[in-house]
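Chemist: Residue numbers (this note's numbering), protein chains in the order written: chain U, 1 to 58; chain A, 59 to 311.
If you're looking for bench data, these hints aren't it; they were derived computationally from the structure. Among the hints, a few may not be true.
What the hints assert, rightly or not - Covered stretches of chain A, going by a simulated chain U footprint (3 or more residues, C-beta under 8 Å):
1. 114-128
2. 172-182
3. 287-300
Note that beta-carbon positions come from the ideal geometry of N, C-alpha and C, so glycine has one too.
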Amino acid sequence: MNEFLAMGGYGAYVWSSYAIFALALLIDYITPRLRNRRVIAELRGRMKRQQRRQEKSA
Amino acid sequence: MNTLTLWFHKFGSPPTFHRVTGLLIPWLFAAALLIGLVGLYGGLVLAPADYQQSDAYRIIFIHVPCAWMGLFAYIFMAVNAFIALVWRIKISEILAMASAPVGAWFTAITLATGAIWGKPMWGTWWTWDARLTSELVLLFLFLGVIGLYNAIEDRRQAARAAAFLGLVGIVNVPIVHFSVSWWNTLHQGTTVRLLGPSRIDSSMLWPLLLLALATHIWFFASVFARARVSLLELEGGKEWAREIALATEPGHE
Chain U
1 MNEFLAMGGY GAYVWSSYAI FALALLIDYI TPRLRNRRVI AELRGRMKRQ QRRQEKSA
Chain A
59 MNTLTLWFHK FGSPPTFHRV TGLLIPWLFA AALLIGLVGL YGGLVLAPAD YQQSDAYRII
119 FIHVPCAWMG LFAYIFMAVN AFIALVWRIK ISEILAMASA PVGAWFTAIT LATGAIWGKP
179 MWGTWWTWDA RLTSELVLLF LFLGVIGLYN AIEDRRQAAR AAAFLGLVGI VNVPIVHFSV
239 SWWNTLHQGT TVRLLGPSRI DSSMLWPLLL LALATHIWFF ASVFARARVS LLELEGGKEW
299 AREIALATEP GHE
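Excised from the complex, chain A in its bound form (with noise of 0.2 Å):
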């Protein structure tokens, strides 16, 4: 074996896992928040007032890295659901399931946000423009592989089914981020590019960089989190989730 794949079958142990996600969540916590708080302060009080929008501009700061992350988090979820259905693996499996709820929050907050940004600015909570429909069935997907993996008995077949759910579900993926271009509806188009210019001034693009940089590491924490208390309930019989279920006092977990 290669090096990579021994460092992938040996992080995939479950008690590896378990140890290694266990040291780094706080620190990934403690990231997000520290950058997250810059980001917040450069984009609510340094970033100056938008010449057209005024003030009610400065939610883009949470809703673009949130929409961001709710197709970041989709992707994340399909790649493992691929790898848990072609090669079985368990972690993938775990990580599949574990960020279906985290980016179902994101594409919450997402389609929140925007909705009290579109009352000011465009005269309306919501209209069925293809970007905000898309991006409603973005949530509906997370929250079908959410309800599918908790409808069925044996964790793994659950598992197993949401993952194939979740897979057929990445049509959606280009349709969100291509509807702007493809369908000339209501929504604005791409304003920061990877290729190209952004169309942003810089005083404006740092922050939300920034707040982008911060969710994803939040959604790293946060999946990890989960996933570590999912392989603790699965492997619950194993020697290794006995031992730390017999040094966990109670209320210190």
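If we strip away everything but chain U, and leave its shape as in the complex, we get (with noise of 0.2 Å):
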């Protein structure tokens, strides 16, 4: 298992682009899922507000 790790030596350099991969596709992932919340919450306030003023002006 060290021996894996160690990667003959080169494990900093190896295991390091991994975690740049992974962390890059993890934040990849992640950014249109958070930007999807964001939309869906401002379209249930626009119409909301829409409903509150059909409401006041009825």
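Take each chain as given, in its own frame, and dock them per the hints.
Modeler: This is how it looks when you write it as structure tokens:
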């Protein structure tokens, strides 16, 4: 196991590369999900405001 | 209309696109993850060490698929940009803009992992080699498209301006690809070839190809995920978008 982690002495280079790869893809995965949440919250807010305005004028 | 145009119009209609991609995305991400893990196991555990580079070469199992992905993303973006500019198809505008950040991430990974490999193997993090420089230009083109898209208020005008920039930048794609054969600088030449035998052992080739497949599937999953949010935002005033917003409980997106 230790030998596997050492990567023939290049462990720091190999594992930091793989960490960057994993981290970048994780951010890439999360970004649209957070945006989706924000867009839906905005749409619901806008609809609520419209409804209130209609009730007031009625 | 023939079947293909009919299909295109149906899939291209915003509510259908939103629904179909919503069903597809989890499966695409799951497939990418599964295939990617098998590829990583093959690359990190099963493949033997290189006779010259020892285990440092294992960085190529992510470096090369991500480099291919950057170019693929750019071509996908440019094709959609072209369709968006010529036929003004909304879905193409959105797909072009959605592929820019994903392509930028893959290009950034390529540059970062290349530098980390270069330090022990070449003795330097960076050099103004033809391949490295054109790859950096590729990243700047992606960032330029994203920047221009975000700088203009009107979403559709913004998409068309950024699509134009992306389309012009396509000249860089053959430069990246052929840079290693046109200029004899530091970066090595092509090892995996579509035409003719590849100069890589099969024990190292199959993990590389699996990771290439996984990153391609990931690309489409991520582009679709971004595209459907943009579509919902763009069509926010329409009935189908309101229905989706109403049906989605906060916290259960």
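Chemist: Go through the numbered hints given earlier and state which of them the structure violates, listing their numbers in rising order.
Modeler: Nothing - there is no hint that the structure violates, so all of them hold.
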